[in-house]
Amino acid sequence: MRDMGNNTELVKRMRRKTLRGNLLNYVIVLGAYAILQTMVMTGNISSLLKGLLVPLCVYVIAALSLNLVVGISGELSLGHAGFMCVGAYSSAFFSNAVGTALPDILRFILAIFVGAAVAGLFGILIGIPVLRLKGDYLAIVTLAFGEIIKNLLNVLYAGIDSNGLHFSTKSAMDLGMEPTGRQIIKGALGISGTPKNSTFTVGIILILITLMVVQNLINSRAGRAIMSTRDNRIAAESIGIPVTKYKLLAFSISASLAGCAGVLYAHNLATLNTKKFDYNTSILILVFVVLGGIGNLTGSIIAAVILTALPEMLRFLNNYRMLIYAIVLIVIMLFNWAPAALDMRSRLRSRIFKNRGSGNGKEEEQNGNA
Amino acid sequence: MSFLTYLKDGISLGSVYAIIALGYTMVYGIAKMLNFAHGDVIMVGAYVVLMLLTKAGVPGILAVLIAMAVCTVLGITIEKVAYRPLRKASSPLAVLITAIGVSYLLQNIALLLFGADGKTFVDVIKLPSLSFGDGALIISGTTIVTILACIIIMVCLTLFVNKTRQGHAMQAVSEDKDAAQLMGVNVNGTISLTFAIGSALAAIAGVLLCSAYPIVTPYTGAMPGIKAFVAAVFGGIGSIPGAMIGGILLGVIEILSKAYISSQVADAIVFGVLIVVLLVKPTGLFGRNIQEKV
Amino acid sequence: MKKMTKVIGICAAAAMVMTTGTAAFAEEGTFTIGAIGPVTGAAAAYGISVMNGAQLAVDEINASGGINGYQVELITADDEHDAEKSVNAYNDLKDKGMQMLLGTVTSAPCIAVEGEALNDNMFLLTPSGSAVDCITGENAFRVCFADPAQGAKSAQFIGEHGLATKIGIIYDSSDPYSTGIMESFVAEADSQGLEVVSNEAFSDNRTDFSAQLNKAKDAEAELVFLPFYYQEAALVLKQASDMGFAPTFFGCDGMDGILTVENFDTSLAEGLMLLTPFTPNAEDEMTQNFVAAYEEAFDGLVPIQFGADAYDGIYAMKAALEDADANPDMSASELCDLMKVSMGNITVEGLTGTITWDPATGEPEKEPKAVVIENGEYVSQD
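Protein chains in written order, with the working numbering: chain A, 1 to 370; chain B, 371 to 664; chain C, 665 to 1046.
In isolation and in its complexed conformation, chain A is listed as follows (with noise of 0.2 Å):
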């Protein structure tokens, strides 16, 4: 990231191609959702891809949320799924407190604005201190905020009864509850029995407004600054742009749209516990954002949406499905990354259209060196 800027050149293509890109990835999804709808109304779906269709969301909008740290805010962070599970947390024990209180739907919504606003929250609370850190040591600290979450909601227990909520950091028998009480949050075991109220359609719904947000804070004045800070901080910060106060806002509401995707998990099992939402997963969704190119959404769907497709369409490997996902991961990254792989690139497509070969390969030089 600290080497990507200094280039005025690209940074203005990067630009361009991203306001393109802004029509283009609206038209993508919802020609995704019509058709894929249109395969589920007709039964002409298997039931794996059924399945997949309320994860695919999920994995999209935190693939989505995280570009704009990433990509547009330009720091690595290690620890989205944190993000994730503080929202999954919130919205489903929301939605089981409130029970039966409330219509299904209302439920659900309020569930989804419960999700945001806490993990927007968590984002403002981790953001404060940990912007001020720069690279690796960032991401580390990041990566570290995300265990602790994980590590705090394993010993948390909650549970209602007619005298309100309970909380308790020791065990299920602390709660004090009544007889009658419902146990909420078992600790490590986490939340079971969340209505299932994730919908494919609710799914796209939230990967537009993710887009919304997202694209329009690029191109508003707030995303344009933070965008002058990822490329030279010293030079916003002299021109008097307020850098903290701007990498701030982006982590925040990228915080939000990630607790958001994880409201959409949490609705969608029966189960819901840390184990998920572990570096592993935080990893995961990096490699989405990377694989489809930093800053680029489009890129992010669709490296989403393929990864987490991949290990199940790989399943009739059965054991060696894994270890083919792993060199296919190796073999894109290097495909599309390293310098004399886009030579080679470039040279062959050069060859392919002729006329317009040569500029292109200066380009991707200079791109690789940038």
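I should point out that these hints are in silico values taken from the structure, not numbers from a laboratory. Check each hint, because a few of them may be wrong.
[Unchecked claim] Covered stretches of chain B (in silico footprint by chain A; criterion: 3 or more residues with CB under 8 Å from a CB of chain A, positions within the stretch not fixed):
| hint | segment |
| --- | --- |
| 1 | 413 to 419 |
| 2 | 453 to 461 |
| 3 | 516 to 528 |
| 4 | 647 to 658 |
Note that the Cβ used here is the ideal one computed from N, Cα and C, for glycine as well.
Once you have looked at the hints, place chains B and C on chain A.
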């Protein structure tokens, strides 16, 4: 007396973290990359030693040496095939993700070769335990060897980096690759050498880790790897004494908070301390503060 | 141009990925049993054991004429011990024509899959998902003991046999299995006159237990209860021996398998007691045949309790299908309606004991066996 026992356990665990962190920190210092696969090289080293001891009946010391050789070759190969092509990629994240891919790859190869069942590690270190105060404090042979190995490795590495030609070349490459190249330093060779040393250390760490906690699975290296990474950052990534002190502190904090606060939130406390340290000293305990130029 | 070709290429790849696999593979006249468990990832040992045990049972059944004259096909899927992946695996098996499910192996994924299976009215028999919530629906049954039953039975056993009064506990707070047993053990301990002097958890760090052991040692525990799996237990025993701490150690069914850990110094396990429904050293003919067949089929691997649970699970399905006089042309839902009634009628003489089921709760009725390890062998304690 129980405090001393906890302290000893912490130093022993911390020494293992420290040896792993040394590998991390050297590779980071020179290649400016987080080698996420480092933890899995530890696992490979442990499996190699185990197989040599149980299947081939090779004596302990020789097995460790062979494992170091295997890991060295592995480390150099990984660097050459997966990392070197990306050294000049437009984002440093590219190589980070590739490292994650390599980590998955090593884990899954081990899974296919050795199965998912944990294998108990056999004793490589056959030293008697020391007992103090009528058995109130017992220091096992493994602990003694672990701590000694940690100190010896740190001293040797420090001497190597500061006193030898290759060591100076490493410092030069870590400072500025292009300038080093102009001065006639073989950059590729130096980076390969760094990976070789780091991987050989990983093999030693694998043996020590699995001697203290005698079970090997394909995932043995993952968590210690992350912890050691934290330790390296804690001490100031890129700094050799920093990795050593960071590792030992981390181990001690982990064990003491388990003992006196809560075994469940020990990790939260470890990470919490890390955050506090970084907020006070943003480049770690021994990290150099590099002034950015406009 | 370059960008567009890239985008189009990726979209095409995505489209290919999405359109594969809509066909159902079910063969005519074959019962298709699905099995889900972790075959890769940190919990793979349990999943692999279940798959092996189930395969062995299916092969035996097919060799001796099948169920109601129909052959049986076992299809398996990996869930990496992850709830989300487990639901994917479940959907995948459904696409492949699964009619009933043996699984899932581990508790947390099982809870998620059970929610899906209840919606589909798919018969679910988990060999080893021991958390209470694993079988909430009336379509779901299990072969192993529920966690509370194990914890309470352990406390009763210790109390009745007067093994100790000061108890130390170490448990895995990230595992529903371990936590569930610990909670029910603590709840029962009082009434058995046991005093829990130390109760320590571990979660992410699964290699270093010195702090937990030291606390038990300082609290002068006479017996340390270890309700978790044998891989960690092997480390606990080694570390206890290194620090010169030698109480009685007591485990549950997850402890079974400790003697099969490769290169494990079995003298460390001397005197270890455990409650388990299955021991590979049992004298009875059935167990011996099973162990011999298992070792032969799977490169000398010694079966652990998970494999035995799965083996019994397949035979329970067979018994239920025979009781209901079912045939493979029935849909999964029809089979489920028949089998959930039949489960109440059958008795399975299995590796893990003589088992009957309560169709209302889905819980098995069987007696745990207490064994103690002497000279590297299980010796029955009853």
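Hint by hint, here is what the structure shows:
| no. | hint | result |
| --- | --- | --- |
| 1 | 413 to 419 | violated (count 0) |
| 2 | 453 to 461 | holds (count 6) |
| 3 | 516 to 528 | violated (count 0) |
| 4 | 647 to 658 | holds (count 5) |
In the structure shown, a violation is registered for the earlier hints numbered 1, 3, in ascending order.
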